[in-house]
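S.K.: Each chain, written out:
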Amino acid sequence: MFGFRTIVLYSDFGPASRYAGMMKGVIRCIAPEAFIIDGAHDIPKYDIISGAFILGSAWRYFPDGTIHLIVVDPGVGSARRSIIACVDSHFFVAPDNGLLSLPLIHKKCGPIFELKNPEYRLKTVSDTFYGRDVFASAAAYLSCGINPEKFGEKIINPLKLDIFRTEKDGNVVKGRVIMSDSFGNIITNISSDDISKVNPLRMSVTLKGKTIEGLSRCYSDVAEGKMLALIGSSGFLEVSCCKGNAATQLKSKTGDSIKVKVK
Amino acid sequence: MFGFRTIVLYSDFGPASRYAGMMKGVIRCIAPEAFIIDGAHDIPKYDIISGAFILGSAWRYFPDGTIHLIVVDPGVGSARRSIIACVDSHFFVAPDNGLLSLPLIHKKCGPIFELKNPEYRLKTVSDTFYGRDVFASAAAYLSCGINPEKFGEKIINPLKLDIFRTEKDGNVVKGRVIMSDSFGNIITNISSDDISKVNPLRMSVTLKGKTIEGLSRCYSDVAEGKMLALIGSSGFLEVSCCKGNAATQLKSKTGDSIKVKVK
Amino acid sequence: MFGFRTIVLYSDFGPASRYAGMMKGVIRCIAPEAFIIDGAHDIPKYDIISGAFILGSAWRYFPDGTIHLIVVDPGVGSARRSIIACVDSHFFVAPDNGLLSLPLIHKKCGPIFELKNPEYRLKTVSDTFYGRDVFASAAAYLSCGINPEKFGEKIINPLKLDIFRTEKDGNVVKGRVIMSDSFGNIITNISSDDISKVNPLRMSVTLKGKTIEGLSRCYSDVAEGKMLALIGSSGFLEVSCCKGNAATQLKSKTGDSIKVKVK
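Protein chains in written order, with the working numbering: chain A, 1 to 263; chain B, 1 to 263; chain C, 1 to 263.
No lab work stands behind these hints: they were computed from the structure. Be aware that a few hints might be false.
No copy is singled out in the list; a pair is fine if it fits within one copy or between any two copies.
In silico DSSO-like pairs for lysine-lysine, Cα to Cα no more than 27 Å straight-line [stated by the list, open to error]:
| id | residue 1 | residue 2 |
| --- | --- | --- |
| 1 | K45 | K168 |
| 2 | K243 | K116 |
| 3 | K45 | K243 |
| 4 | K251 | K45 |
| 5 | K208 | K45 |
| 6 | K243 | K253 |
| 7 | K253 | K45 |
| 8 | K251 | K154 |
| 9 | K45 | K116 |
| 10 | K226 | K45 |
| 11 | K208 | K150 |
| 12 | K160 | K243 |
| 13 | K210 | K253 |
Input sequences plus hints: build the corresponding full structure.
M.R.: Structure below.
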């Protein structure tokens, strides 16, 4: 049963790179029956915030028992730890640099272990490619039924990013831009819960000096080329442009502040 | 048997995006034994014509019983319908916006059904991501053996694009540019059948003011950097540049007119 | 057993293209139980040197019995041969244009055969897409247990590229740039063996007029934005920039000369 587990790969390697290819080779050697899926490889280079969001928005769509392996790892080979976590019947393998922030704040988060046991790494470990030599190997052994506690000691203070928190100030919700996708949709940290009590017709969204009145339901609610705000498919507020690219037009970037105001 | 069916995904999400990743997660939850293949995710954003051509040129290379799921869906969440079709032992799941034009004109096209039955959608449907919540779910249930007629009512007037039709005018065949690929090959709607009776040495191809004499057999028939015309691997006339990029050089775009003339 | 073999695809088609999609369709028709992996599809267009290096650095990470299919094929349809090779329990299917240079210099290289038998091609072969009609078909039949010698006659002089050879001149090792990856890491043909006896602290690396003192162990050994030299994850000397892009900054390209000097 365990051998058939799903292993999902996320990285900033760029699409269809040899780096993801080699990780799959390592998994296939150790766990020939694992089902390997590309979760996302278009995470912007070195961008841990986008990586954390992408993983956080995707993992629940996979079956229980899935192993999520994410590599955005500018500190590879340095003192940063490598970890394995179990959250609500899903497993996560990653560098301890904030990538697991969203699953780790989940109330069903179990114990977290450091990946240190050399038995579950490749014999030679490159200081520049833990993705292949440590993480892919660990994910593969995990899919074969090796218990997480066999990989190393329990740790209690994994790194969690702060950027996913929003603020309320009277009739204003203040948030931040997390990332933009390939359509140019600007995704924020303001969740549908943050504005669930707001009348969609009476709210306005301000980002980079641009104010959008009202909340749309889908992209084609407005004319081609017009900006709109809506709750995106991951449950967060997005600023988009119908058949256009909002991120390019507004020159938005990670961390830009955004405000939702109720009239 | 049905559980092992092939599901092929095509989209304009860009390569290795989390959107395709989540669709695979949904399929894996519902149909763990389906064999998932990326058909193409580099369809230009919102470009239904390119999407229709890419699907139309690819589907016959997959085995009978394959389910083709294609999402280029600027109208997602609006009144446009979602459909399922069966053509010559292949299944197709898509928005009803012209993407299925090429299979649907096939003489072995069977009945077409609307995807409406909430039983075969995810419990929560985002108005911006039918690909995940409606289409991936439907494809997965279909691969489990659910009959197409269970998904909704029969429809009789699916949208078909007009752009794939060519014209004959004396010794001239008039066509249009459909798309260009990542090599810069300019692909047209003029099929090998349209010019099957023409002597390759006595024909000329004119596009964007550039005239190419004769029909080549392969790219290296001409010197590096030279333009040529040939019948591409999908059976349509292409204008290419040996080791170069014809689309960039000629600034061609979808819909540009092209003429084949016999001397 | 053979039907479950791994087939790894490498190409310059660009990520998630319909061309790779169709190759997978062909394989799935002939060998439904083959396990298909994307090895790399981001090889620069027409770049046989990068393709040869990418394959050469990846193949050993896959299990014995794996079939590696690589297509970078500007000469498709011309007189260049199509070949199949067996090296140290791995199979290779490719055009005979130098792509297999690195496995072929291996001492455990077995006999090489030309792919000519029409029985193992698609019925119609396009002169512009051997990847689909000849190579994918051959790889699929090979995975079903067809013996390599059934595909065609033995050949003895496959094309091997010269660029992977380095020179020693006193206390200087002279090499060349092979490629740069999507992070902008500049990868050279100087292997860890070439400089294994050198004291990392007493060496300097010169490329495009820039000299880097000492050999680092990992990217974060230097400050953000600083250049460094290290042995990359494939065992070759790389010039990199911490959280930056060395290839863009140095405007390096394939074939540029690089020198390692010992003080």
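S.K.: Which numbered conditions among the earlier hints are violated in the structure presented, ordered from lowest to highest?
M.R.: Going through the list in order, the structure violates hints 1, 8, 11 and respects the others.
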